[in-house]
Amino acid sequence: MPHLPFACDCLRPQDCPGGGSEASHGGHVGPGASGQQVGDGLPVHAGCLREGPQADVPFGHDPGERGGDVLNGGGTGVGELAVGPGFRIAGKLARRRSPVHATDHADALLYVKIATNPFTGCLTSQWDWSVTLSSQVSARIRDYRPRLPRDRWAPVADQVRATVAAAAPVTCYEAGHLLHVVGRLAVWADSTGLPCDPGLWLRTETIDAFILIGLAGRKGSTRQTFRTWLRRTREALVWVQRGEAPPVRIAANRRPQPPYEQGELARLRGWVELLPGRARLDGLALMALTAGCGLTPGEVPAVRGSDLRVIAQGMVVLDAVWLERLVACRAPWEQTLAELAAAAGNGYLFRPGRKVEAAKNLVSSWPARHKPHAGLPSLAARRLRTTWIVDLLRQRIDPALVADAAGMTSAAALGPYFHWVPPLAPRQAAELLRGPRP
Amino acid sequence: MRRPQDPDDPLTAIRWLRPKPPLSGAAKIPDSKVGQLLTLLDRSGVPQELEDLLKNRPGPKGIRPRVVLAGLLLAVYYTGRATVADAWRILHYGLEPRARTWLNIPDRPPAGPAARIASSKRLYRGLDTITTVLDPVRHDRRSRLPLRHADFHAAIWDSAEGREAAARIQHLTNRLVLATVHMAHQRGHLRGWRGDIGVDATDIRVSARDHSPRRGTASVEITAGWHAKGGTGEKVFGYSAALAIAAHHRDQGNETPKAYPQLCLGFELDTPGFRTGPNAITILTQLAQLGLPTGILAADRAYTGCSAPTFQTPARRLGYRLALDYKVKERGLQGSWQQAPLVDGSLLCPLTPAPLIHATTGADDNTVRAPGEQLREKIEAREPYHFKLKQGPDARGAIRVMCPASGPCPSVNCARHDRLHPQAHTTMPARVINLDTPHLRTTPAAARPTVHISDAERLAPPPADALPPACVGGSFTVPADSEAADWRLAKYRQDVHYLHTSWLNAYRPSAATTKGPTAASRAERSTSATPSTGPHTGKSPRHSSSPSCSPSPT
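As given, the protein sequences belong to chains A and B, one line each in that order. Going by the working numbering, the first sequence opens with residue 1, and the numbers climb by one from there. Going by the working numbering, the second sequence opens with residue 1001, and the numbers climb by one from there.
To be clear, the hints were calculated from the coordinates, so they are not data collected in a lab. Just so you know, these numbers come straight off a predicted model, no measurement behind them. Mixed in with the good hints there might be a few duds.
Simulated coverage check for chain A against chain B, where a stretch passes if three residues somewhere in it have a Cβ under 8 Å from a Cβ of chain B [as the list claims (entries may be wrong)]:
#1 196-208
#2 237-245
#3 250-258
Example chain B residues on the side facing chain A (calculated, C-beta under 7 Å, incomplete) [as the list claims (entries may be wrong)]:
#4 Pro1353
#5 Pro1355
#6 Leu1356
#7 Ala1381
#8 Ala1430
#9 Val1432
#10 Leu1435
#11 Asp1436
#12 Ala1447
#13 Arg1458
Label-pair restraints from in silico Cβ distances [said to hold, decoys possible]:
#14 B:Gly1233 / A:Asn253: 57 to 63 Å
#15 A:Cys196 / B:Thr1501: 24 to 30 Å
#16 B:Gly1407 / A:Cys196: 28 to 34 Å
#17 A:Pro422 / B:Thr1443: 38 to 44 Å
Each residue gets a CB set at the ideal place from its N, CA and C atoms; glycine is no exception.
Just need the whole structure built from these sequences, with the hints factored in.
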């Protein structure tokens, strides 16, 4: 295992009492201990932050150096600072993960001590944070190995892992994604002669130059995504003003997948209806959840039969906790979805025979294996969702409502879809502009 | 019964002295070729100069130098050998009647052995006349001299009088070469040539043996020495010939260079290891008198090793830009000027990251010839940090360079420069860069590398006098001579960035074009050592073959 410069002991699962035993992807959520602060409305226990001076080794490599609430000396010379009393705050750091997974938490502990300079009388607050990642995330960071030559990755590996281990609890992105993009940034910076220092990598000008030069040739949207991840990583770690250059303004073309035509969608449904056995159920589930409910491809595999409720007049709603929004199925797909939910019970609606919760290409591999006959376009989850969005917009439903049901943060994200929405007829437009008669 | 080797036998004596006439009838040389070579000879002015030197010489006139040199030129051209016997054969048996009138050769070949010997001896005496007037210290070249005698003769060659005589010989030799350049220039053949030159020292092997300290005898070639080849380390006993070849550099736009003749622009023969730089400068000085353009001068490590006052500084003052190569120990950080580090011959920003400064430190020749991906990346990443040319060389060869963060097109972003040289604030709206545009018209500022200053400097900016003058001034003068500057700067600085694309585009074509004529020169020399079987017809004249027919310092 490579040495992590400031990794905690609890990165090793065996050191973590709850590490690896939690069924959910979430952190160590359990009954709270007395005398500790409770953050975010959650019951808290120390997790890896073991109580007592003997076991209280939140991080560091020498257990003898730290004990209880007594803080070790920080950066200034011995004798210059008179160390005053300190205090500590323990809690959980909540991080929003992808909708498939539950909200993750990382144990956090803050030590603060106040020191006084006897010569100047200035007070110095020394902060000492320790954040313990879950065993899964820790393993992901420890075992990460990029597809790069060893002589390129080895010089930066430790610092990349350290950076991601520090930034992962306070960003909403998966550690794997952060490792990939921070690793590429570090390797690029190393090739341009920059010293191996995360502080330099995470400067605005380095990130922007990497996006503009180091990722030249990649798709514009990919570069924008990478930049977003890097900037969030930077914001998580850099709290001070360092005289950095203002971030450059970039833009990239957004081209959503075009919607299916009305006839195409009906013929695709007819083709799926004729598929044998499990393939028919999976195909219908895919179409009903995307073209009927507008779920993203990442959300489709997580839907279980119990997440769907049939209410009055056959309306089927999807209001699972993890989805964090209310979605109602389109009327043409209601009956199909209700039947699928009844058949699935508590199991997954789409490809229930799988062994893992989510896998790469789980959705896209289904259309790859089931090709429709000639003359029909193949199924694509993104196109089905676009069809759902455009269909709602064509019916002049409030864009804010559509964006909310689609899981978008604002209606501005619907901009690229209006390309496929025809303008209103003049008479209809005039009536709308006139309004109802008083 | 007479013995065949009896010296008293007149027939044997004739056989020994014989200039053998062609057995199967001589091939006739067309008048046009004779006229062409005669024109070349006359335009070089060498015969006239030799006539001036022989003006006050007593005795009968004999064969004139023009005829001797013409015969030797024809012999080189048709047989590949510069021997008097070949020249005699060609002059008396190979010429058409019209060409004989140009050279005052009798209409008919000499009849009988006695006439042949007489005419041959006259030709030998004609050559002797030339060598006598050019040689400051004549000696018997039929046998090896004792070492002390040879040292005496060699010392005379090194005296002022000897150097003057050697310079005269080299000047005359080079005039034969420059005649072709002058004619090509007049006829417009050099229109496509932009003034780039590759200069190289090649070995001219002699058939004589080396000095033998054990026997106490010197070599017959008393001024010859050991020529060490830089690439292979092989040593050759003979002379070093400095050759200047017309070359070209490729442009960044991959434009094919315009056609130009691959001419030898100059030739100097000298003892190996001596006067390497001055010989090249002599060639370039004579070339400059023709009014030709000056471009990039590519020279190998033998010339980098010269002291700056003998090669680098005079070459710059003649208007050439240098492209040099370095030995292993010379690569990397070489010195500094105005506290800007001199790395591989180029001045870099004082804040250049250390891995880029030491990218080539200790790199061996194989690594540099075929750089790996990481070295190539570092070389490319080093490019924006180079100080940029602000003003070309003046009469003393000094140039002005400016900080890479200054000027209308800076190549790096530098917080120190922005603090020291604040610009007027512009209210231009921030530019939005579309990442999907394949080719941006101008490089955005964010795409430039940023020079990172230390946290201490950022938090507490030091006064200007505590910073490197290169950063404070923004631009400064880089002298070409070692008196005004550091000797390392004058010696190692070059005008294209080492191992960058610009250097490869300038150095590699020059090296390739120089290798051809030097190899041809060696081939000519080895051919002239072994008798040729027939005339070299149908080949163009090689200017680099002139060493064979030119008088050497010995």
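Quick check: the stretch 237-245 of chain A, covered by chain B? Criterion 3+ residues, Cβ under 8 Å.
Holds, because 3 residues of the stretch 237-245 of chain A bring their Cβ atoms closer than 8 Å to Cβ atoms of chain B.
Cβ distance range 57 to 63 Å for glycine 1233 of chain B and asparagine 253 of chain A, holds or violated:
Check passed, 60 Å falls within 57 to 63 Å.
Let's test the interface hint: is any C-beta of chain A closer than 7 Å to that of alanine 1381 of chain B?
holds (4 Å)
Check, residue by residue, whether the stretch 196-208 of chain A contains three or more positions whose beta-carbon lies closer than 8 Å to a beta-carbon of chain B, and give the verdict.
Per the Cβ count (5), the hint holds.
Have a go at the alanine 1430 of chain B hint: is there a Cβ in chain A nearer than 7 Å to its own Cβ?
Holds. Min distance 5 Å.
Holds or violated: is the Cβ of aspartate 1436 of chain B closer than 7 Å to a Cβ in chain A?
Because about 4 Å separates aspartate 1436 of chain B from the closest Cβ in chain A, which is inside the 7 Å limit, the hint holds.
Using the C-beta atoms of proline 422 of chain A and threonine 1443 of chain B, is the stated range 38 to 44 Å upheld?
holds (42 Å)
Mind checking the CB of leucine 1435 of chain B against every CB in chain A and telling me if the closest is under 7 Å?
holds (3 Å)
Given coverage of the stretch 250-258 of chain A by chain B, checked by CB-CB distance under 8 Å (3 or more):
holds (count 4)
Let me know if the C-beta of proline 1353 of chain B comes in closer than 7 Å to any C-beta of chain A, holds or violated.
This hint holds: proline 1353 of chain B lies near chain A, its Cβ roughly 4 Å from the closest one there, short of 7 Å.
When the nearest CB of chain A is found for arginine 1458 of chain B, is that gap smaller than 7 Å?
holds (5 Å)
Can you verify the interface hint for proline 1355 of chain B: is its Cβ closer than 7 Å to any Cβ in chain A?
Proline 1355 of chain B check passes; min Cβ-Cβ to chain A is 4 Å, inside 7 Å.
Comparing the model with each earlier hint shows no violations; every hint is respected.
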